[in-house]
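Chemist: Spelled out from the first residue to the last, the chains are:
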Amino acid sequence: MLEVTDLHVNYGAVNAVHGVSFAAAVGKITVVLGANGAGKSTSLRAVAGFHKPRSGSVVLDGETITGLPAHKVVRRGMALVPEGRKIFFPLSVEENLRIGGYTASRSKVEKTMGEVYDTFPILKDRRHSAAGLLSGGEQQMLAFGRALMSQPRLMLMDEPSMGLAPTMVETVMASVKGMVDKGIGILMVEQNADAALELADTVVVVTRGETVWTGTAAQARSDKKIVHAMLGEAALDDA
Amino acid sequence: MSTWYAMNVVLVQTTLTTLLLALSIQVPLRFGVFSFAGVGAFGIGGYGSAIAMVHLGWSTWPAVAFGAVVAGLVVFLLGLVVQRLTGLYMGMATIAFTLIVSVLAVNGGDLTGGAMGLYGALGEISVLQILLVVLLVVALLHLTELGGMGRRVDAVRDDPELANALGVDVVRYRQFSFLVSGLIGGLAGAITTLLRSTITPAEVNFHLVILALTAIVVGGSRSWVGALIGAVIFVWLPTWIGFLAEWERVAYGVIVAVAAIYLPLGVLGVAKDLWHRFRTREERARVAALAKES
Chain A
1 MLEVTDLHVN
11 YGAVNAVHGV
21 SFAAAVGKIT
31 VVLGANGAGK
41 STSLRAVAGF
51 HKPRSGSVVL
61 DGETITGLPA
71 HKVVRRGMAL
81 VPEGRKIFFP
91 LSVEENLRIG
101 GYTASRSKVE
111 KTMGEVYDTF
121 PILKDRRHSA
131 AGLLSGGEQQ
141 MLAFGRALMS
151 QPRLMLMDEP
161 SMGLAPTMVE
171 TVMASVKGMV
181 DKGIGILMVE
191 QNADAALELA
201 DTVVVVTRGE
211 TVWTGTAAQA
221 RSDKKIVHAM
231 LGEAALDDA
Chain B
1 MSTWYAMNVV
11 LVQTTLTTLL
21 LALSIQVPLR
31 FGVFSFAGVG
41 AFGIGGYGSA
51 IAMVHLGWST
61 WPAVAFGAVV
71 AGLVVFLLGL
81 VVQRLTGLYM
91 GMATIAFTLI
101 VSVLAVNGGD
111 LTGGAMGLYG
121 ALGEISVLQI
131 LLVVLLVVAL
141 LHLTELGGMG
151 RRVDAVRDDP
161 ELANALGVDV
171 VRYRQFSFLV
181 SGLIGGLAGA
191 ITTLLRSTIT
201 PAEVNFHLVI
211 LALTAIVVGG
221 SRSWVGALIG
231 AVIFVWLPTW
241 IGFLAEWERV
251 AYGVIVAVAA
261 IYLPLGVLGV
271 AKDLWHRFRT
281 REERARVAAL
291 AKES
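In order, the protein sequence lines correspond to chains A and B. With this note's numbering, letter number 217 in the first sequence gets 217, and the count goes up by one each step, no holes. With this note's numbering, letter number 37 in the second sequence gets 37, and the count goes up by one each step, no holes.
In isolation and in its complexed conformation, chain A is listed as follows (with noise of 0.2 Å):
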């Protein structure tokens, strides 16, 4: 269970962030939207470890971890999945996904490799061939798979569908639903509001850096005027 609560966050001199709060649990996903800089990525990537809140806090499972680097983060078993995937194109699938089992034991590399190997077939078939041929969804799902072998409770995803084809997006949102389903938590950064809410648990609308609705997916495509509010009137027209 990880709660963040009234986080203030400044990046340079601008003050991106000013009292956004959200929770995100095992087993659910919890969407943010927000318009473009509206202070989301900031937010995840302040709970992730990459930037020190200047006030507000982070608990995770019953301990405050509020501004503790990233690279001790991932042992408390929060898992960030960046912006862009990142994948290192010259390594293979296998070799990529043995970086993000950096931080655990021998051992239990080749048997959490298992287990993401079972949860993406795809990648059990390409493990040897270099990430930069994979198409842009398996390269997502390398991506989530990377941080699957950290053997995280949590997920932060920032962006997952950006810069993918419509179809390879409805793939990559059901491979997330999938790691739900196997147990953990996903709390993810969204601009396809779309995509995001037939997953979503839990919706927080983010705006001018503060968090200004929070509610269920239900709620949030029932009550459309709340998020065509928040994010402008294209970002719903076809839901």
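FYI, nobody ran anything at the bench for these hints, they're computed from the structure. Cβ atoms here follow ideal geometry from the backbone N, Cα and C, with glycine treated the same way.
Label pairs and their calculated CB-CB ranges: (1) B:250 x A:132: 34 to 44 Å; (2) B:143 x A:61: 36 to 46 Å; (3) A:107 x B:6: 50 to 60 Å.
Knowing the structure of chain A, use the given hints to seat chain B on it.
Modeler: Same frame as chain A, but now just chain B:
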């Protein structure tokens, strides 16, 4: 062979010490740190070992170890101070460090011998002994290029933020690269000094930065093999293009410029590409043969 060796023993020695100097610049680069502090370490190692011999009366190898350890510690501490700098700023700060070392040497009074330098520090060092030291250094560095360690070093260089997200303590890795750079640079300086019996402030200068950097750029920046190729080329090049007389420096410049533009991964990168192309052609031929059969 033996006459060739007798004629070229100095060049062989210089190749080995240049390799060490090049490695002291290459190690931080492989960790994504644009540091030239290895050249300053060369000066500290040189002066450290000469002082240990001349003033303290130590014998050769303890003096070399002393120079290398002092250089390693100083560069490690420098790393703690400048670790937040990146790119060009890191380059400038570490070059400044190198120049400070030579300024301190000029003003060191009797301890460093001032502008005249220190004399009479003649150690007993055989080529075989240098070779053993180099082999040890290279073997340890080779381990950092293999398997999980190699992948982590690549990650720290190519995408430090991602490496961090995967649990790698990037700051600690970079601090470590400063320590290693200092130790290797110090070794290079100490061995060079005790071979020649003398060191002067003028030797610890910008030209060593250029020598080390060009060796890596031309040879290859990602592996010790590249540093070896670069060291061999730049130590032996003057003897090969000696017939050019006063045009030698122009030829040197052209070679460096061409390598920087056309061989971004150095001679080693080109060799790897050719090998890869050869393998692909073989593979294609094999597949074509299989297709014909069926």
